[in-house]
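If you read the sequences in order, they're chains C and A. First residue of the first sequence: 1, per my numbering; consecutive thereafter. First residue of the second sequence: 1, per my numbering; consecutive thereafter.
In short, the hints are calculated from the structure, not lab data. Just so it is clear, CB atoms sit at the ideal spot from N, CA and C, and this is done for glycine as well. One thing to keep in mind: the hints can contain errors.
[Claimed, not checked] Below are the EDC-like pairs computed for lysine to aspartate or glutamate, each with C-alpha atoms no more than 20 Å apart in a straight line:
id, chain 1, residue 1, chain 2, residue 2
1, C, 227, C, 216
2, C, 416, C, 482
3, C, 358, A, 122
4, C, 358, A, 101
5, C, 357, A, 96
6, C, 227, C, 482
[To be verified] One side of the interface only, derived from the structure: several residues of chain C facing chain A at Cβ under 7 Å:
id, residue
7, 211
8, 471
9, 473
10, 475
11, 493
12, 496
13, 498
14, 501
15, 507
16, 508
[As the list claims (entries may be wrong)] Take a look, some chain A residues computed to stay more than 12 Å from chain C by CB distance:
id, residue
17, 5
18, 8
19, 11
20, 13
21, 14
22, 18
23, 25
24, 33
25, 128
26, 164
Each chain, letter by letter, is given below.
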Amino acid sequence: MKLDQWIFIGYLLLLLIIGYLFSKRASRSIDDFLLGGRSIGAAPTAFTMQGTSMSGYMFMGGPALAYQQGWYALWYALGDAGGSIINISVLGKRMRRLSERLGALSPIEYLGKRYESSAVQIIASVISIVFISVYVFAQFIAAGKALTSLTGLPYTAALLIGVGVIITYTVFGGYLAVVWTDFVQAIIMVLGVLGITVAAVSHLGGLAALNDALAEMDPTYLSIWGKDLAYQGQWGVVLGAILIYSIGYMGLPHVVVRHMSMKSPRTARSALLWAAVWNQLFVYAPYILGLCGIVLLPHLSDPEMVIPELAYTFFPGIFAALLLSAVMAAVMSTSDSLLMQAGTILSRDIYQRYIDKKADHRRMVLVSRLLILLVGIVGVVVAAVEPPTVFDLVIFGFGVLGNSFIVPYVASVYSKKANRVGAICSMVLGAATHIVWTQAGLESVTAIHPFIGGLLFSVLGMLIGNLFGKDPSQGIQDAVEEAKHGRKISGAVDRHSARELAPEALNIARHLREHRLIPVRE
Amino acid sequence: MKRIAAIPTTGDPSLLTESVARATRSRSVRIQSRLFYPYYFFQYRLRGKRLFAKVHSRIGCTVDLISGREALADTPFEPRPETVSREWILEAAITEARARERARSYVCAAVSMKMKWFRSVELRQERSFLYYRPFWLVACEERDKDPVWIIVDGVSGRFHPLPLEENPRAGEMISQAIPFNGGGGCSGKQTEKGG
Numbered sequence: 001m002k003l004d005q006w007i008f009i010g011y012l013l014l015l016l017i018i019g020y021l022f023s024k025r026a027s028r029s030i031d032d033f034l035l036g037g038r039s040i041g042a043a044p045t046a047f048t049m050q051g052t053s054m055s056g057y058m059f060m061g062g063p064a065l066a067y068q069q070g071w072y073a074l075w076y077a078l079g080d081a082g083g084s085i086i087n088i089s090v091l092g093k094r095m096r097r098l099s100e101r102l103g104a105l106s107p108i109e110y111l112g113k114r115y116e117s118s119a120v121q122i123i124a125s126v127i128s129i130v131f132i133s134v135y136v137f138a139q140f141i142a143a144g145k146a147l148t149s150l151t152g153l154p155y156t157a158a159l160l161i162g163v164g165v166i167i168t169y170t171v172f173g174g175y176l177a178v179v180w181t182d183f184v185q186a187i188i189m190v191l192g193v194l195g196i197t198v199a200a201v202s203h204l205g206g207l208a209a210l211n212d213a214l215a216e217m218d219p220t221y222l223s224i225w226g227k228d229l230a231y232q233g234q235w236g237v238v239l240g241a242i243l244i245y246s247i248g249y250m251g252l253p254h255v256v257v258r259h260m261s262m263k264s265p266r267t268a269r270s271a272l273l274w275a276a277v278w279n280q281l282f283v284y285a286p287y288i289l290g291l292c293g294i295v296l297l298p299h300l301s302d303p304e305m306v307i308p309e310l311a312y313t314f315f316p317g318i319f320a321a322l323l324l325s326a327v328m329a330a331v332m333s334t335s336d337s338l339l340m341q342a343g344t345i346l347s348r349d350i351y352q353r354y355i356d357k358k359a360d361h362r363r364m365v366l367v368s369r370l371l372i373l374l375v376g377i378v379g380v381v382v383a384a385v386e387p388p389t390v391f392d393l394v395i396f397g398f399g400v401l402g403n404s405f406i407v408p409y410v411a412s413v414y415s416k417k418a419n420r421v422g423a424i425c426s427m428v429l430g431a432a433t434h435i436v437w438t439q440a441g442l443e444s445v446t447a448i449h450p451f452i453g454g455l456l457f458s459v460l461g462m463l464i465g466n467l468f469g470k471d472p473s474q475g476i477q478d479a480v481e482e483a484k485h486g487r488k489i490s491g492a493v494d495r496h497s498a499r500e501l502a503p504e505a506l507n508i509a510r511h512l513r514e515h516r517l518i519p520v521r522e
Numbered sequence: 001m002k003r004i005a006a007i008p009t010t011g012d013p014s015l016l017t018e019s020v021a022r023a024t025r026s027r028s029v030r031i032q033s034r035l036f037y038p039y040y041f042f043q044y045r046l047r048g049k050r051l052f053a054k055v056h057s058r059i060g061c062t063v064d065l066i067s068g069r070e071a072l073a074d075t076p077f078e079p080r081p082e083t084v085s086r087e088w089i090l091e092a093a094i095t096e097a098r099a100r101e102r103a104r105s106y107v108c109a110a111v112s113m114k115m116k117w118f119r120s121v122e123l124r125q126e127r128s129f130l131y132y133r134p135f136w137l138v139a140c141e142e143r144d145k146d147p148v149w150i151i152v153d154g155v156s157g158r159f160h161p162l163p164l165e166e167n168p169r170a171g172e173m174i175s176q177a178i179p180f181n182g183g184g185g186c187s188g189k190q191t192e193k194g195g
């Protein structure tokens, strides 16, 4: 066996040991683990968040696009860098206020409650499960490629091993990726990628020299329109490239967990701020590496292997193998979280809510496991037979999720007349348009990115659907109106208030009114 | 009056008003009353197997008896009997049976999600009880502005504004008497800030 393979196995064993030691401690005090991470400060938490959010896309998809298209790829990075800021400013406050009023814990539950419709919730759940799975497929392919690079095995064999490890890890292992293993991995990945970037750019003599070298090879690499000016004047494509990450995040379902006993909500807020700063620092590096790859590795057969190849070029084999092991472990960690998420949506939001209300935990675990098995089988087929690129799959999954949910989310807080028919039409049309646009290759015919196409049809679906459906109840309309203007409270009160007390505040206000204890004006 | 099991309020009310005034940058902060909010607490013994070890631990869960919200509870607490005027006690809307169902389901889901644990969890309920959590009703006043009404958690000190349609002037409550600390009358603790 090669040294690299020993490093990979050693690395996984090390994670296993760290996970085992921490989980053994957590077994004695499980509640502390569940309410977890409280003793870790905001900056390390943010560092860990950044590390765990780095999936196969950042290591393979993004650099590959830059390798193929030059500076044009930076449009995607630009959207990614500004994504969280746009999300917060467009939806942030209003959606938070409304979800507090509705008592919704997750975005899918929020849609169901805002549009007063089980159908909205079921459709949203199904779209989420399917396209989270697509995102997982991309991780499978990345795992197969990382393992090929590490072990020298053929892609199919490496893929089967990779997927086998991921599924086993998710179903039987779990719980090993405790916060400290994530932290160790984040350090290796962030420092590793930044290290390669510095090494590669310095080797080329700086960014200006990189640009000179690119211009010498093909001046269109420097163009904002892509190599050979493939997207010249196609603002519909460029806008889509920016928007897909900048507003696409709104479409990603996530779970909000409410812990009454958490020490300080301020830590979470600071961690988010730190994460945004980390993101600005890190988001451009993989794309820059793709550009360096054009000059340093001009004959690469698979552009998605830019970072692994550069790692072996600039680092001693041992560090490169360590970095690739961290990538593989990150892929495993991302996949198992996504699979867990999809399993929970299916078992809790669909199966228990609509199919078997009395389902116990055993049955729900079984439902989740069957879904994971299905995703694993379909994923292997997709990744083995004519595998798409990591970039294409991630953009596709992200795009469909974004096109399905952005309009219903935005309309939910900006229009009190937006109703359930509008929401259903918007989700279905948005998703269907993106799928058809991508599969039929309409981007090249129309010069419009599938994301823009999906967005237009999703808006149309909302506008037309609203004409047919019943208006939302007066309670919802009032809540939307209230969310628009917010409470007449100072910024300091708003900033420091504990969001998790919103249901209690709502019920206490109701009690005060009902018992005529309510304060009134003169 | 009614006798209830409540978590003891922590901290001195004058310190509370000071810290709220600091956080909210209010000119003055006035405690109007104290309300009691119903919850159910369930404590479980959790057993399960992981890849290399057995898990054997305790876990607590509280259920808000009005909105049905569940939360994991880590700090063991013992409620104490307290006599409170009925109007300051919120009435439970959820039965004990329903709360038990919700708590069990929530703990199972939380264990699966947070621990990435795809196995069924064995939970044995060790004890459960109804308790009330105290919340201070507080008015925060600012110069030339309507006061803002907030609730302050009597245990943790965290606060949240009350979603009232109107924000009235502090002290204008339609209530003949505002009991404080179990019927002792409102002390109207107030903290002035300079300026």
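Do the hints match the structure? See the list:
Taken as a hint, the residue 227(C) and residue 216(C) pair is honoured in the structure, with Cα atoms around 13 Å apart against an allowance of 20 Å. In summary, the hint linking residue 416(C) to residue 482(C) is supported, as the alpha carbons are separated by about 10 Å, within the 20 Å threshold. Between the alpha carbons of residue 358(C) and residue 122(A) the distance comes to roughly 17 Å, so the proposed pair stays at or under 20 Å and holds. Simply put, residue 358(C) and residue 101(A) have alpha-carbon atoms about 10 Å apart, close enough for the 20 Å limit, and the pair holds.
Of the pairs offered as hints, the one joining residue 357(C) and residue 96(A) holds, with about 18 Å between alpha carbons and a cut-off of 20 Å not exceeded. At roughly 49 Å between alpha-carbon atoms, residue 227(C) and residue 482(C) are farther apart than 20 Å, so this suggested pair is violated. Given the 7 Å rule on beta carbons, the hint for residue 211(C) is violated: about 45 Å separates it from the nearest Cβ of chain A. Annotation: interface hint on residue 471(C) violated; nearest CB of chain A at approximately 22 Å, more than 7 Å.
Interface restraint check for residue 473(C): the shortest CB-CB distance to chain A comes to about 18 Å, outside 7 Å, so the restraint is violated. Annotation: interface hint on residue 475(C) violated; nearest CB of chain A at approximately 13 Å, more than 7 Å. At a threshold of 7 Å, the smallest CB-CB gap from residue 493(C) to chain A is about 5 Å, leaving the interface hint in force. Given hint, residue 496(C) at the interface with chain A, holds; its Cβ is 5 Å from that chain's nearest Cβ, closer than 7 Å.
Interface hint at residue 498(C): satisfied, since its Cβ lies 4 Å from the closest Cβ of chain A, which is below the 7 Å cut-off. With its C-beta approaching chain A no nearer than about 4 Å, residue 501(C) sits inside the 7 Å limit, and its interface hint holds. Proximity of residue 507(C) to chain A holds as hinted, the smallest CB-CB distance being about 5 Å (cut-off 7 Å). Restraint check, residue 508(C) versus chain A: the minimum CB separation of about 6 Å is within 7 Å; hint holds.
Look at residue 5(A): its CB is around 18 Å from the nearest CB on chain C, clear of 12 Å, so calling it non-interface holds up. No Cβ of chain C approaches the Cβ of residue 8(A) within 12 Å, the least distance being about 16 Å, so the stated non-interface status holds. Here residue 11(A) stays apart from chain C, with its beta-carbon at least about 16 Å from theirs, past the 12 Å limit. Every CB of chain C lies more than 12 Å from the CB of residue 13(A), the least distance being 18 Å, so the non-interface label holds.
Remark: the non-interface label on residue 14(A) is consistent with the geometry, its nearest Cβ contact in chain C lying 19 Å away (cut-off 12 Å). Residue placement check: residue 18(A) keeps its beta carbon more than 12 Å from all beta carbons of chain C (closest about 14 Å). The Cβ of residue 25(A) does not lie farther than 12 Å from every Cβ of chain C; its closest approach is about 4 Å, which violates its non-interface assignment. Here residue 33(A) does not stay apart from chain C, with its beta-carbon only about 8 Å from theirs, under the 12 Å limit.
Its beta-carbon lying about 16 Å from the closest one in chain C, residue 128(A) satisfies the requirement of being farther than 12 Å from that chain. Not every C-beta of chain C lies more than 12 Å from that of residue 164(A), the closest at about 5 Å, which undercuts listing it as non-interface.
In this structure, the earlier hints numbered 6, 7, 8, 9, 10, 23, 24 and 26 are contradicted, and the remaining ones agree with it.
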